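2 protein chains.
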Amino acid sequence: MNIKISKRMSQPDFQGAFTADILKAAANPSLISFAGGLPNPVSFPVEEMEAATNKVLARDGVRALQYSGAQGYPPLIKRICERYKKIMDLDFSPKDIIITNGSQQALDMFSAVMIDPGDQIMVENPTYLCALQTFHLYYPEVLPIKLNEDGIDTDMLAETVKTQNPKFIYIIPNFQNPTGLTYSENVRQQMAEVLKGTDVLVLEDNPYGELRFSGEAGHSLHYFLGEQCVMLGTFSKIVSPGMRIGWIACKNREIFDKLLAYKTTMDLHTNIFCQMVLEQYLEDNDLDAHIERAKKIYGEKAEYMISCMEKYFPEGVTYTKPEGGMFIWVTLPEGIKAVDVQAEAIKEGVAVCAGDPFYENERGVRTMRINYSNSTNEAMDKGMKILGDVMKKMI
Amino acid sequence: MNIKISKRMSQPDFQGAFTADILKAAANPSLISFAGGLPNPVSFPVEEMEAATNKVLARDGVRALQYSGAQGYPPLIKRICERYKKIMDLDFSPKDIIITNGSQQALDMFSAVMIDPGDQIMVENPTYLCALQTFHLYYPEVLPIKLNEDGIDTDMLAETVKTQNPKFIYIIPNFQNPTGLTYSENVRQQMAEVLKGTDVLVLEDNPYGELRFSGEAGHSLHYFLGEQCVMLGTFSKIVSPGMRIGWIACKNREIFDKLLAYKTTMDLHTNIFCQMVLEQYLEDNDLDAHIERAKKIYGEKAEYMISCMEKYFPEGVTYTKPEGGMFIWVTLPEGIKAVDVQAEAIKEGVAVCAGDPFYENERGVRTMRINYSNSTNEAMDKGMKILGDVMKKMI
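Same order as they appear, the protein sequences are chains D and S. Per numbering that gives the first Met the number 0, residue 0 is the first one in the first sequence, and the count goes up by one each step. Per numbering that gives the first Met the number 0, residue 0 is the first one in the second sequence, and the count goes up by one each step.
Looking at chain D on its own, in the form it has when it is part of the complex (with noise of 0.2 Å):
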């Protein structure tokens, strides 16, 4: 018979064919893998969890099987309030969160509530592959925003508003994916003084910034701009990616109304089970002390991997040193494409992610993203070494 698929998605996925050739090499068990951005199984709770479990479904287990309400769990949803005051100094109500399955779910919410075919965003650039690739299922035209050393270019930044018409920006501003970069706190002012008075929303997703282990916070643009900039949030990081709990935070009343009108049509809500389990799990624990244990392991994981790359690495080749997060940004000398170092690699059996589908636009780039939340030194010390070796046959 005759399938006519729809033209949204007739269309193929923004690098789809990249993003399935590494998720298919980094199944091989066989292979040392930096290319994915996986939390470290250790700093999972697993027996926490199987009591948090016990007591939910001892004290209220019908609930926690039984349809729910679209918003989410209301004690998980004060929690996040709460955390949001105490961390960042921050202003959110119940009424401003939606429980999202992971916040990957509220980017496509967010996308679905403002682009319209043809509608100007701004991304950093590069930024999270997997942004984009919702983002492209709207027919935007992306605007990509120079990313330096302490943050987005403000005045390419400035000069796109200015001339353009630019509905949003998505920001990572906290050990930014892929290049593990943190805005400075002069670079976020500034950003807040371009978009002061404009119509720009600032999207700011933030799943990394708790992992910081070592220098000081900035403030988030919704602490400058208020209802302005929605925030995103997610437990993926910090206590379990495969509950898929992630959150979104918006005081604007008329988007609000509308993210939540499409959340519920397009699967009800997110899951109440395991809502109630990790609410549970954030009553019976101390948090802040199990961040402590996951930043110091990825804070020794990111000083090993850097002292792997200081030893192997040819000359030429520099990479930014992380304060959070989970990802080193290695960049090759010219006349070396990312792709080829990626693709040599693998062959050695080491993967990793050359930095081409985090851009909008470019291909055949220098840059690449190296993951070190994951592995264990001895994988870092023989991994490194290998491309490392790899990259000097190349020069």
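Quick caveat, the hints were computed from the structure, so don't treat them as lab data. Owing to the predicted nature of the structure, the values given are computational and were not obtained by experimental measurement. There could be a bad hint or two in this list.
Because identical chains share one entry, a pair is satisfied inside a single copy or across any pair of copies.
Unchecked claim - Straight line, CA to CA, 30 Å or less: simulated DSSO-like cross-link-like pairs of lysine-lysine: (1) K77 / K195; (2) K145 / K336; (3) K250 / K6; (4) K320 / K384; (5) K295 / K320; (6) K3 / K94; (7) K94 / K346; (8) K77 / K94.
Put chain S on the given structure of chain D with help from the hints.
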């Protein structure tokens, strides 16, 4: 600031105000509500789920908390295939199944993959409200096909297929929502004959199929049409809706690949924690026996509800006698609107659901949906007496 919501989300929700009113009324605990469609919590396997969770976390805790594959947990997918074979004599293989956040998400996935603005689609008239709401997000032209006591009107279906250009038809052939009606085997065969050899896909939803307490099951359209019929399924009505575990079963590779790509972009994957717990529950328990218990409860409740209607409803009011599922469809005498009965009944403390939002076009209809799965006999007796009195005053 000046917020410009996307055109897609600027249109009012299809019947959104109506459902908001009903949900608000239904949330009032002092009401007797027959307006919802909740499974009876008596049937929830709370203790068994606790045992399953403990097993999963003890055996494979890291896997339950880590990121997972977009298609779903392979052992759960395998069980779904086995159950299709056992219960419906259908051959699906694991590569045909995607686990979704309830079958509601699968409705959206299929819509995104198939519907371009202006495309024609067919639905039963009336049909599941939240399916209409999802379809409308994609701007189709909806062609409602008459629903008779024995199923879809195959003459009208044949005429529509001949004279129009519909892409698919969405059907709920077993204990339909809202009417509780079931297609006869004859109608199923005729429907298959009409569609065979055309380019019209069937999207067959089957949330209630296993809840048959009398009569005999007919064949799925997939049995006759093979890959021309895509199936939706869910554990919501037979185990737990709160875990949000549904699926889509699609043998057509082109559509399947697009569905999976879309799911990946939407939220990466369905929560693996609940997928694994549910699979362990299925391993350790007799699902058939569990469903038998639920069917016994629902059969008794349906019978009791019918007896209350016989006792309290005035002459001229008719109603379906379901062989399974959760709903009875009531038709009022000429000249009385269901929305008026609904409004008066709520004043007297009883919530029912007028038929209006289940129709694509008709408003001010004489039909309404009564849910019997989730009420005590006392509430049914009291509620039907009040409803009957309200009707009598209006006749």
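Consistency of the hints with the structure:
1. Within a single copy, K77 and K195 get their C-alpha atoms as close as 29 Å, which meets the 30 Å cut-off; across copies the closest is 54 Å, which misses it.
2. Taking the shortest Cα distances, K145 and K336 sit within 30 Å of each other inside one copy (20 Å), while across copies they are farther apart (61 Å).
3. In this assembly of identical chains, the alpha carbons of K250 and K6 lie at most 30 Å apart only when taken from different copies (21 Å versus 34 Å within one copy).
4. For the homomeric pair K320 and K384, the shortest alpha-carbon distance inside one copy (19 Å) is at most 30 Å, but the shortest distance between copies (73 Å) is not.
5. Only within a single protomer do K295 and K320 lie at most 30 Å apart by alpha-carbon distance; the minimum there is 16 Å, versus 64 Å between protomers.
6. For the homomeric pair K3 and K94, the shortest alpha-carbon distance between copies (21 Å) is at most 30 Å, but the shortest distance inside one copy (41 Å) is not.
7. Within a single copy, K94 and K346 get their C-alpha atoms only as close as 52 Å, which misses the 30 Å cut-off; across copies the closest is 29 Å, which meets it.
8. Taking the closest pair of Cα atoms, K77 and K94 come within 30 Å of each other only inside a single copy of the chain (9 Å); across copies the shortest separation is 41 Å, beyond that limit.
Figure legend: structure checked against the earlier numbered hints; every hint is met.
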